[in-house]
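Chemist: Chain order of the listed sequences is A and B. Letter by letter, the first sequence follows residues 1 to 195 of my numbering. Letter by letter, the second sequence follows residues 1 to 195 of my numbering.
If you're looking for bench data, these hints aren't it; they were derived computationally from the structure. Check before you lean on any hint, since a few could be wrong.
[To be verified] Just the calculated beta-carbon pair ranges, DEER-fashion: (1) B:Thr114 / A:Trp157: 37 to 45 Å; (2) A:Val181 / B:Ala64: 30 to 38 Å; (3) A:Ala149 / B:Thr194: 43 to 51 Å; (4) B:Thr114 / A:Leu79: 26 to 34 Å; (5) B:Ser63 / A:Arg185: 25 to 33 Å; (6) A:Gln113 / B:Arg193: 19 to 27 Å; (7) A:Glu30 / B:Glu34: 46 to 54 Å; (8) B:Glu20 / A:Glu117: 35 to 43 Å; (9) B:Arg193 / A:Pro161: 40 to 48 Å; (10) A:Arg193 / B:Ser63: 31 to 39 Å; (11) A:Gly118 / B:His119: 40 to 48 Å; (12) A:Arg185 / B:Arg89: 25 to 33 Å; (13) B:Ala32 / A:Ala45: 26 to 34 Å; (14) B:Thr194 / A:Gly43: 52 to 60 Å.
[Claimed, not checked] Chain A residues, not near chain B, derived (Cβ > 12 Å throughout): (15) Gln31; (16) Gly67; (17) Pro101; (18) Ala120; (19) Leu136.
Ideal Cβ placement from N, Cα and C applies to all residues, glycine included.
Number of protein chains: 2
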Amino acid sequence: MRFPKLYEQLAPLGPIPESEWERAESLAREQAVERKAHFLRPGDAADRFAVVLQGVFRLVRVSARGGETVKAFRAEGELLGAYAEMLQRVASMTSIEALEPARVLVFRTQDFQTLEEGHACWVRVARRVAERHFLLKEKREQEFLELSAEERLDTFWAEHPHLRGRVPQRDVAAYLGITEVALSRIMSRKRKRTE
Amino acid sequence: MRFPKLYEQLAPLGPIPESEWERAESLAREQAVERKAHFLRPGDAADRFAVVLQGVFRLVRVSARGGETVKAFRAEGELLGAYAEMLQRVASMTSIEALEPARVLVFRTQDFQTLEEGHACWVRVARRVAERHFLLKEKREQEFLELSAEERLDTFWAEHPHLRGRVPQRDVAAYLGITEVALSRIMSRKRKRTE
DNA sequence: TTGCCGCCTTAACCTGGGTTAACCTCCGCC
DNA sequence: GGCGGAGGTTAACCCAGGTTAAGGCGGCAA
């Protein structure tokens, strides 16, 4: 087991025989990503994904009208990639940027497809990945529908305590769907209330 | 082919042999749902799903604090079910209610699992379903992050023209994440602007 | 040291949407 | 025919968050 982070991420998704782990590891390539460098930028082919070994990334969707929205943050052990674009086989509309010096374990989607053809366990993994992505998004939809910005902020920190101090506030704000000014205001409101 | 709606929904997800269609149809049960009656209510086991043959449904998430949010509408040919709860094998937190007299084609998830064990084509279908659900939610997330309520309204009608006149305004408002009052205001604003 | 830059905060002002409540209209039912 | 309820509209008022603009502050480079 050369990459515990990989194991940690994929093992809960179903049993994978030892020999398949080895095949997978042989296809992976370790890569360093400097702070502020991109794993993927808009326009790139969405033909690879990765597991984060070290560091934090932000996934930014760049819209046609120039707006930027933060879709997610990804830290150690999590999957990194423009998943929607991969599924649709279109160029990436997502920018994936390291917020810290980072290391990732890269797979080409093409290689993963080979894995799938070789053993059914990878098909199950792919399905579980799809299902988990769905569950995450549904949760987020629910939050937008029924929580205020302040409640979304609380939820965010409750669920991502490991991001404390590692992501700039402006990005948290963009993730919550508000401006950095509004976030600052909310925080000072909270401060006042609890003193 | 007894159920064209079923075919229409599943065929694009991958090739399915004739014999498997027959097995699937033999497991399905047609069911009528009256207007305002429920296909599923919160607390029910999420152990079945359906394809809509006729009518429109609304999927409402009932939260712990009593709030109601509209997650989606489903019309002819679309899949009906508490998908997130099915995946997690928990009781439904979703209420699925017919807005018109309706007919659906019901499957028990357990039976579908049998199909999956019998032929790999159903595994592919299940995966594509997961992926499509994800894409839909990601789209919606994007809309909340970067569009105003008015823009979300325009998008909604552009993408669901077949729901015109079939869903009450208050439900459209709840789907957009605003109140019916705000929706009414937005509409009169638009009216004024274009006259 | 100075000056600049990146990140955050604060304040002033504006706007969109929430809340409440009154009212309208259609429709079905007695 | 009258009544009541469901669904929609409008108005008044309030507040959260957007926008703009002016600092504050720590770090880094010249």
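Chemist: Against this structure, judge whether each hint is valid.
Modeler: For each hint, the structure was consulted:
1. B:Thr114 / A:Trp157: 37 to 45 Å: Holds, at about 44 Å.
2. A:Val181 / B:Ala64: 30 to 38 Å: Because 31 Å falls inside the window, the suggested range holds.
3. A:Ala149 / B:Thr194: 43 to 51 Å: With Cβ atoms ~32 Å apart, the hint is violated.
4. B:Thr114 / A:Leu79: 26 to 34 Å: Distance hint for Thr114 (chain B), Leu79 (chain A) holds at roughly 31 Å.
5. B:Ser63 / A:Arg185: 25 to 33 Å: Given a distance of about 26 Å, which is inside 25 to 33 Å, the answer is holds.
6. A:Gln113 / B:Arg193: 19 to 27 Å: 50 Å, violated
7. A:Glu30 / B:Glu34: 46 to 54 Å: For Glu30 (chain A) and Glu34 (chain B) the Cβ distance comes to about 60 Å; the hint is violated.
8. B:Glu20 / A:Glu117: 35 to 43 Å: 21 Å, violated
9. B:Arg193 / A:Pro161: 40 to 48 Å: 46 Å, holds
10. A:Arg193 / B:Ser63: 31 to 39 Å: 24 Å, violated
11. A:Gly118 / B:His119: 40 to 48 Å: 20 Å, violated
12. A:Arg185 / B:Arg89: 25 to 33 Å: Violated - the Cβ-Cβ distance for Arg185 (chain A) and Arg89 (chain B), about 41 Å, lies outside 25 to 33 Å.
13. B:Ala32 / A:Ala45: 26 to 34 Å: 49 Å, violated
14. B:Thr194 / A:Gly43: 52 to 60 Å: 37 Å, violated
15. Gln31: 26 Å, holds
16. Gly67: Its Cβ does come within 12 Å of chain B, the nearest being 5 Å, so this is violated.
17. Pro101: 28 Å, holds
18. Ala120: 8 Å, violated
19. Leu136: Nearest chain B Cβ is 9 Å from Leu136 (chain A), so the label is violated.
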